[in-house]
Amino acid sequence: MVAVDRKHQIIDLETGQLDRRIFVDPDIYAEEQEKVFGRAWLMIGHESLVPNTNDFFHTYMGEEPVILCRDGRGNLRAYLNMCRHRGNRIVRTDVGNSRNFACAYHGWTFSNEGALEYVPGDEEAYYGALDRDCLGLVEARVDTYAGIVFATWDHGAPSLDDYLGDARWLLDVSFNRLDNGTEAIGPIKWIEPLNWKTAVDNCSDNYHVPTTHLSTIIVQGRHRGIPRLTHEQQFQSENKHLFVNGHSLTMRFLERADQVRQTHGVTPENLAAFEEYYRATLPEAERRLGSLRTRLNLGNHSLFPNGVLGLRLAHPRGPLETEFWHFVVLEKDMPDELKTALRRGSANYNGVNGIFEQDDMDNWRGVTESGLTRMGRKYTQDLSMGVGHDRRHPDYPGVVAGRYTSESNQRLFYRRWEQFMNADNWEDIPLEPKAMDYEGTATLRG
Amino acid sequence: MELWHELMEFYIREAWLLDERRFREWLDLFTEDVFYFMPRRLNVHRHETDRELTPVGDLAIFEDDKTYLTMRVERLETGMAWGEDPPSRTRHIVGNLVVDPQPDGEVQAKTAFLLYRSHHETEENLFSGYREDLLRPVDGSWQIARRTIVLDSNVILAKNLSVFF
Ligand code: FES
Ligand SMILES: [Fe+2]
Numbered sequence: 001m002v003a004v005d006r007k008h009q010i011i012d013l014e015t016g017q018l019d020r021r022i023f024v025d026p027d028i029y030a031e032e033q034e035k036v037f038g039r040a041w042l043m044i045g046h047e048s049l050v051p052n053t054n055d056f057f058h059t060y061m062g063e064e065p066v067i068l069c070r071d072g073r074g075n076l077r078a079y080l081n082m083c084r085h086r087g088n089r090i091v092r093t094d095v096g097n098s099r100n101f102a103c104a105y106h107g108w109t110f111s112n113e114g115a116l117e118y119v120p121g122d123e124e125a126y127y128g129a130l131d132r133d134c135l136g137l138v139e140a141r142v143d144t145y146a147g148i149v150f151a152t153w154d155h156g157a158p159s160l161d162d163y164l165g166d167a168r169w170l171l172d173v174s175f176n177r178l179d180n181g182t183e184a185i186g187p188i189k190w191i192e193p194l195n196w197k198t199a200v201d202n203c204s205d206n207y208h209v210p211t212t213h214l215s216t217i218i219v220q221g222r223h224r225g226i227p228r229l230t231h232e233q234q235f236q237s238e239n240k241h242l243f244v245n246g247h248s249l250t251m252r253f254l255e256r257a258d259q260v261r262q263t264h265g266v267t268p269e270n271l272a273a274f275e276e277y278y279r280a281t282l283p284e285a286e287r288r289l290g291s292l293r294t295r296l297n298l299g300n301h302s303l304f305p306n307g308v309l310g311l312r313l314a315h316p317r318g319p320l321e322t323e324f325w326h327f328v329v330l331e332k333d334m335p336d337e338l339k340t341a342l343r344r345g346s347a348n349y350n351g352v353n354g355i356f357e358q359d360d361m362d363n364w365r366g367v368t369e370s371g372l373t374r375m376g377r378k379y380t381q382d383l384s385m386g387v388g389h390d391r392r393h394p395d396y397p398g399v400v401a402g403r404y405t406s407e408s409n410q411r412l413f414y415r416r417w418e419q420f421m422n423a424d425n426w427e428d429i430p431l432e433p434k435a436m437d438y439e440g441t442a443t444l445r446g
Numbered sequence: 001m002e003l004w005h006e007l008m009e010f011y012i013r014e015a016w017l018l019d020e021r022r023f024r025e026w027l028d029l030f031t032e033d034v035f036y037f038m039p040r041r042l043n044v045h046r047h048e049t050d051r052e053l054t055p056v057g058d059l060a061i062f063e064d065d066k067t068y069l070t071m072r073v074e075r076l077e078t079g080m081a082w083g084e085d086p087p088s089r090t091r092h093i094v095g096n097l098v099v100d101p102q103p104d105g106e107v108q109a110k111t112a113f114l115l116y117r118s119h120h121e122t123e124e125n126l127f128s129g130y131r132e133d134l135l136r137p138v139d140g141s142w143q144i145a146r147r148t149i150v151l152d153s154n155v156i157l158a159k160n161l162s163v164f165f
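Chains S and C, in that order, give the protein sequences.
Going letter by letter, the first sequence gives residues 1 to 446 in our numbering.
Going letter by letter, the second sequence gives residues 1 to 165 in our numbering.
I should point out that these hints are in silico values taken from the structure, not numbers from a laboratory.
Heads up, some of the hints might be wrong.
[To be verified] DMTMM-like, lysine to aspartate or glutamate: derived pairs with alpha carbons at most 20 Å apart: (1) S:332 - S:275; (2) C:66 - S:19; (3) C:110 - C:9; (4) S:339 - S:275; (5) S:189 - C:152; (6) S:189 - S:63; (7) S:434 - S:382; (8) S:7 - S:275; (9) C:66 - S:284; (10) S:332 - C:65; (11) S:339 - C:9; (12) S:189 - C:9; (13) S:339 - S:284; (14) S:189 - C:58; (15) S:7 - S:418; (16) S:189 - C:124; (17) S:378 - S:19; (18) S:339 - C:65.
[Unchecked claim] Stretches of chain C that chain S covers, calculated by requiring three or more beta carbons in the stretch to come under 8 Å of a beta carbon on chain S: (19) 23–31; (20) 51–59; (21) 66–74; (22) 106–117; (23) 128–135.
Don't be surprised by glycine CBs; every beta carbon is placed ideally from N, CA and C.
One chain only, chain C, in its complex shape (with noise of 0.2 Å):
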């Protein structure tokens, strides 16, 4: 139970991060050696749920390591990241939490979220999903070393991914 807490908080604060747009303190939640990983959802029979989510391997829509994480921070560092610039306004709500901790110390965790984006004027997008992140241990607090996000959608109804999850 206090670790759950302890994680809820974690979770509860990464929120903030991202919906105040402090991407930098965010980037730092991440391993150096982090694997973000979004596969793709198929529409498949329910004898082929197997098939349903894109294994590694496959194209992804997000397949970024540490870098490619911090080119997508710094991008919006330039103030010519149009497709952020003016920015989107966002709320992240994170719950249900499960954790599954490793004999190696190491956490399981999974969430779902909902995430709200406004952008422009009038334009709105709705992304629901879960996350499953392997959390690690690191001077006493966590850092995310694998994050898996899976989105309830299979065409993605918005113009673009350019918020974080």
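Only chain S is shown next, with the shape it has when bound in the complex (with noise of 0.2 Å):
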């Protein structure tokens, strides 16, 4: 492990002070590229987005444009959208469904298997010299969880399993409690214009919801009658919130089996069929998830480095612009009615207009444009909420925070930040060992 001469020291874990220049040091925002995005496993899309062979989707992995394709086999595969002649684009469409890709530029022509096919000109101009078997598309490692696909580039990478680690002891409570498993739609695409890891640190930030989102709860108590958190509710909450390599994960406990999982998109009028759903779909939660984890449910939540809030993405756009994709999982077996609820609820109050979301961004800019004065970069980020009470707890995964409102989130995550980024490759970077025990039958795979 790198100790003695860290490069990167932004965050000081007793006092809880951070370092401001990370949002908007265009230095640092290159090295990211290449020792945060360029190494961890990224959340690019969903099997459901490519249900049949030869579909393709058009995605990122950071910067780099990404196509995720299902090969004629049926494989998923993701390839960096570059040509490997002069790199243009091959793929200009969101979507599409295609055997190969040709490029508009000189028409070489790629499979879907990734391979170089067709050269115009290949033996008269090249003379036949041209070694087709080095120029095939730059592909990535591409794995799933519960339908979720990831990809890295580096292939000294861990697991996926190992990567996400006892995360998935809690995500599994979300995205993995049924057999037939989840489909995404979307995304809505928007710029915003601040660094990625602002939005990121926020969206698993318990301490900004009854400030920043006040005017939303109020009239979400008056039409949905979702009743506004106590002071002590919010406070003195038993949720808890966990830290897994750095991801971060809201814990709450139901009070019922039966509760409803989210609040978007839940009305007077459709929570009792939520319930009835619940109630009906909880022996197969059980049996894929064992009782302890059917008991709980995942709040705001963050994948290590980019992955807020379901699959919802922060692209990173240069230090000082992020694009940002919303998606939302739905659970295939539930009745159309309440996925419309759901899908409704779930763009209203989080995607680009949501009447939430639409409060946040401007947060997140202040944050991020702190960093770019003279005078603003002289103090540091003040993050030194609950320090000195992160604790283990016999039944948790990971970090436990000593309460459900605290910044050991922003802590930990800018620590992992710290850690890629001071690494000279994978060896260097800790990975916490999985100790959970992960009842019933669901798996990585679903």
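Starting from the two chains in their separate frames, assemble the complex, guided by the hints.
Shown next as structure tokens:
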């Protein structure tokens, strides 16, 4: 482990002070593309986006344009969207179905298994001397967790299973509850004028909700019958916040087995139908997840580095810009009426126009831009809430914050970022060994 | 032609209500059963333009009923809807009206729009698109029973869509 001469020392875990330059410095940003986005397992889509052979879906791994496709044999593949000739993009659409990808510049054509199949003038202009075998598409490693597709450029990276570690123990209660799994729809795409890290660290910040989102909490109480949390419920909640390998998971205890798992889209009119659905699917969920985990709910969460609240992605676009993608993941077995409610609720609460989320962006922008000025940079960001109160818990994975509301999330997210940025390769990046008992039949693959 | 003039005036009045931030009065232009919808717009090949607009049932950008629209307006009145407080400065320019009266007395009306938004100190957005409305005659005037808004963009070049279309 690199310990003595760490290049990046941006977060002090004893005092919670954070160096603001990480949001604005172009050199740090460039290094992040290599050391964070070049190494990590990144969420890039969902199997349901490419259901048939030869389907493709255009996505990104950080800044890198990527073609996620299902090849002729039904395997998921992810390629850099770059022609090996001069570098043109070979796919220019968001979606499609094609056995091969023809470059619109000079016509080099690649199969969806990555091979360079056709080069105009191969015999004549190149005199048969082009080594086509060395000029296949650049391919990423792909794996899936319960239908969600991840990819990494780093062939030295650990398995996806180890990368998620025991975060999966709790992620399962949201994404791996039923035999038939989930489907993803979307994404809504938009550009936010802020550093990607401010969006990620905020989406697992339980502290900002009663202030940032108060206007929506008020109207939601009025029209959707969802009561505002009391000061006690906010600051003395029994719910937990867990941290594993840089992933952050808010864990909520369900009061009843048929309690609705999410609130966005739930109305007084459809509440009974949701409860009926959760009652009806309980035996299946218990078989898959065991009895302890079926009593838990996943709240705000993020997957290192850039996944937040389910399949929502913060793609870096320069230090001061982020392309945000909002997908909705739904259980396939859910009745259409309830899927519709969650789909509308998800976009209307958390999309580009979300009545919650539209109040977030200016905060993230303000935090980002505080690093731009000489005076702003002189003062560290204060993330001291709850310093010294993190614990291990015999029943739950990872580090457990002393309280439901703390800044352990931010401190540990930036510590993870430091670990990636200071590492020469994956050997230097610590991983927590998996230690939880995965009661039930659910596996990484679903 | 008379209907065209009447509806053009309706849309001009609507634009002023929005730009003068008279959102309660704007809300009254919609029926109780309104569906206010903005599909996503995909980047697809010319021979696949039937996939360009996502259908109802796929993830949409807006998919509001009257309650969602009311929540959006009431939020602003709390004084704590920070994304719009301080408020955006908007200018809705509406034109290219085409009217298509239906046998049952309702009217399909299509308009093109440019929506300029300035926020805080120097932020600017320009949204371009069209709207397809289903207008219902109510008490000698018109109400919007269905509105589909189509933006001319793929990745939306704005931090949020906290303004109305
Ligand atoms: S750049 Fe693709 S064929 Fe030349
Ligand atoms: Fe928020």
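Here's how the hints hold up against the structure:
no., hint, verdict
1, S:332 - S:275, "holds (17 Å)"
2, C:66 - S:19, "violated (46 Å)"
3, C:110 - C:9, "holds (14 Å)"
4, S:339 - S:275, "holds (14 Å)"
5, S:189 - C:152, "holds (13 Å)"
6, S:189 - S:63, "holds (14 Å)"
7, S:434 - S:382, "violated (32 Å)"
8, S:7 - S:275, "violated (52 Å)"
9, C:66 - S:284, "violated (37 Å)"
10, S:332 - C:65, "violated (24 Å)"
11, S:339 - C:9, "violated (39 Å)"
12, S:189 - C:9, "violated (34 Å)"
13, S:339 - S:284, "holds (19 Å)"
14, S:189 - C:58, "holds (14 Å)"
15, S:7 - S:418, "holds (9 Å)"
16, S:189 - C:124, "holds (18 Å)"
17, S:378 - S:19, "holds (9 Å)"
18, S:339 - C:65, "holds (16 Å)"
19, 23–31, "violated (count 0)"
20, 51–59, "holds (count 4)"
21, 66–74, "holds (count 6)"
22, 106–117, "violated (count 0)"
23, 128–135, "violated (count 0)"
Comparing the model with each earlier hint shows violations of hints 2, 7, 8, 9, 10, 11, 12, 19, 22, 23; every other hint is respected.
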